[in-house]
Amino acid sequence: MNLVVNGDAEAGPGGTAEPVESVTGWKVTQGAPALVGYDVGGGYPTPSDPGPARRGSRFFSGGTSERTALMQDVQLPRKGPTGQAAVDAGRVRYTVGAWLGGYAAQEDGARLSVEFRDRRGTPVALTVLGPVTAGERGGRTGLVERDGEAAVPPGARSARLLLVFTRTGSGTSNDGYADAISLTLSTAGDWS
Amino acid sequence: MKLNRRDLLKAASAVGALNVVWPLSAGLSPAQAREAAEALGAQFDPAPFTLGVASGDPLTTSVVLWTRIAPDPLAPEQPLPEVVEVEWVVATDRGLRRVVARGKAPASATLGHSVHVPVGGLRAGTHYYYAFRALGKTSRVGRTRTAPSGRISRVRFAAANCQAFHDGYYGAHRAIAREDVDFVVHLGDYIYEHGPVGGDHVRDHDSPEILTLTDYRRRHALYKGDASLREAHAAHPWFLTWDDHEVVNDYSGTGGGAPMMQRRAAAYQAWYEHMPHRDGGESALPDPVIHRNRRWGDLLELSVLDLRSYRSAQNLPGGTILGADQKAWLKQNVDRAPDAWHVWANSIMLSQLRGRPGGGYMFTDQWDGFLAERKEVLDHVHKSGLEDLVVITGDWHSAFVDDIRTDFDDTASPVVGTEFTAHSVTSGAYSAEWNAANGPLMGKANPHLKYFEGNRYGYDVYEVTPERFTTHMRVIEDRRDPHSPVSTLTTFHVDRGAVGSYEDPATKKSPAQYRRD
Chain L
4 MNLVVNGDAE AGPGGTAEPV ESVTGWKVTQ GAPALVGYDV GGGYPTPSDP
54 GPARRGSRFF SGGTSERTAL MQDVQLPRKG PTGQAAVDAG RVRYTVGAWL
104 GGYAAQEDGA RLSVEFRDRR GTPVALTVLG PVTAGERGGR TGLVERDGEA
154 AVPPGARSAR LLLVFTRTGS GTSNDGYADA ISLTLSTAGD WS
Chain X
6 MKLNRRDLLK AASAVGALNV VWPLSAGLSP AQAREAAEAL GAQFDPAPFT
56 LGVASGDPLT TSVVLWTRIA PDPLAPEQPL PEVVEVEWVV ATDRGLRRVV
106 ARGKAPASAT LGHSVHVPVG GLRAGTHYYY AFRALGKTSR VGRTRTAPSG
156 RISRVRFAAA NCQAFHDGYY GAHRAIARED VDFVVHLGDY IYEHGPVGGD
206 HVRDHDSPEI LTLTDYRRRH ALYKGDASLR EAHAAHPWFL TWDDHEVVND
256 YSGTGGGAPM MQRRAAAYQA WYEHMPHRDG GESALPDPVI HRNRRWGDLL
306 ELSVLDLRSY RSAQNLPGGT ILGADQKAWL KQNVDRAPDA WHVWANSIML
356 SQLRGRPGGG YMFTDQWDGF LAERKEVLDH VHKSGLEDLV VITGDWHSAF
406 VDDIRTDFDD TASPVVGTEF TAHSVTSGAY SAEWNAANGP LMGKANPHLK
456 YFEGNRYGYD VYEVTPERFT THMRVIEDRR DPHSPVSTLT TFHVDRGAVG
506 SYEDPATKKS PAQYRRD
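Here the protein sequences come in this chain order: L and X. Numbering-wise (my numbering), the first sequence opens with residue 4 and increments by one. Numbering-wise (my numbering), the second sequence opens with residue 6 and increments by one.
It should be emphasised that the hints constitute simulated quantities derived from the structure, not laboratory data. Since this is a predicted model, take the numbers as computed values, not measurements. Virtual Cβ for every residue (Gly too), placed ideally from N, Cα, C. Mixed in with the good hints there might be a few duds.
[To be verified] Reference listing, derived: stretches of chain L covered by chain X, where coverage requires no fewer than 3 residues with Cβ under 8 Å from a Cβ of chain X:
(1) 62 to 75
(2) 99 to 111
(3) 156 to 162
(4) 165 to 175
Looking at chain L on its own, in the form it has when it is part of the complex (with noise of 0.2 Å):
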């Protein structure tokens, strides 16, 4: 199961490349991002740009900020395979995925990075994916995927995920763009 709420931008305001103030599961940190549609074109990615294969209708950008942050706390579960008991006897492992892009040979870009906090919220975990070069997508407008995976070690409690979109250059669009963001936790017996 997913624990991201609206990874995928598909909730609340957004369908343009106009900033929205509020984002559905997300609390906008600093700066103002766009939820843009796959069909706006004007030379944001379209459905034919390298990208999530069910990737719906909308992604994530910086909008017209120059640093974009958004941030969303996931309380991990309490019981269940993966809860507290399993987290603290070292069984559970997490997965974090999401596909981070740009526009052409720019190097403005998308960071997704989740940090597992213990009750007191001093850190524990961390994992950072992107942001992805120009190089890396080939020079070409579009989003590729990026994940990471590792235990979620004992005593975790809660994962911190932080969405950072940055400009570069003197444009005044912030074309780091993110989308099907996921958090998933496993047993390690799952992966054997």
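Following the hints, complete the assembly by docking chain X onto the known chain L.
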């Protein structure tokens, strides 16, 4: 294969770069790589706590304990389970018998097997001892101290900055470890990012310019291969800020495209993994929030500034060195300041610095590249009526003492504080000839500059009482000697409620390349 330091350095000198002889590229095992590093001047604590222990960010009831499990500190991957359980203990005695707190923390490979333990429930103004245990081994014992509360009559602390590994041994840190201080402030340039320098150095970087998380981890480990640095960390709690070389020379945290953002994230993560830094709260890695406001009883308010993460490019009309949020935070601190000494831990020079009369600014990577913001902040200090402001600064590899004026070009403008820029631990300064020629020129060009000395290396010790703020410039005799003797070059004072500093008459005849009086 036995690796000999003399031969390695000779070979490096011959080719001009140590990476040519660096054994990792020759496919040596981690153990052989470590042997080579030790031959090149690094040495480590016993595994797995090779990088030592540290504590930081002391509050009245809490301090952060740090260590990193790294059996092969210079290996790209550690031969460890993905998560290692680390036990920690805090006691009131060095023998760790009178235990006041203990617990376990997970060391994850995703964070370089580092642990950061914010221990709570401690007593204010108290020394504690701590150690870690993992994989059947016990770390060295570290000592730390919580901040006092209420009325206190004295605080002593030290500040260090700029410790290029290749430029010398850390005799300054060895001396800091032996100082009777409550805490240490590091003002940045803890590591340097470039490749080997070659030539006639006592030791050198062991790899080309660092770019990736693995690179930055190895470089931090190399620097902690100096026993004196580990000793200073184990002796006192530290407050930390950073400057540019923790990432790359003269960078702006908000500039650059995706390749730079990748590099910045790697550098910031590795910094966190190697420092006793308290993170969490509203921030999230790999963007740690390091600016913070701390109190030491009723005597001292310490504002740790971050002049890298949020800065714009230099010399822009609307440029910023603090970023909007940190600037608002700093101004709010000024508005709410208690009646105390106010110390800003400031990585890079605040005061204006022209190279010669009528000349331009020497370096606009400093606050000189952010004129409007500097004026706004200093005007705010003046208008708020803040008194007793002392700014402690690194970066310059030389010692300066400045009056801080709201307008440095107007000698009639008010003095709102004093800036002490400290000698570097090791990083090379200008030549003695340059200093002799340019000290007087800088003095003429900068009427607020009171003192300049650039021929020595060391650190500052500050002794603060309700009546007086005193800066002792400690200098080491020889960077090439890991056990170099240390002496006090000179001492400056600032009296409470007064503006401006004055040099202690007892050391006023000490060598310097410029003094105003």
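So, going through the hints one by one against the coordinates:
{"no.": "1", "hint": "62 to 75", "result": "holds (count 3)"}
{"no.": "2", "hint": "99 to 111", "result": "holds (count 4)"}
{"no.": "3", "hint": "156 to 162", "result": "holds (count 4)"}
{"no.": "4", "hint": "165 to 175", "result": "holds (count 5)"}
Hint compliance for this structure: no hint is broken.
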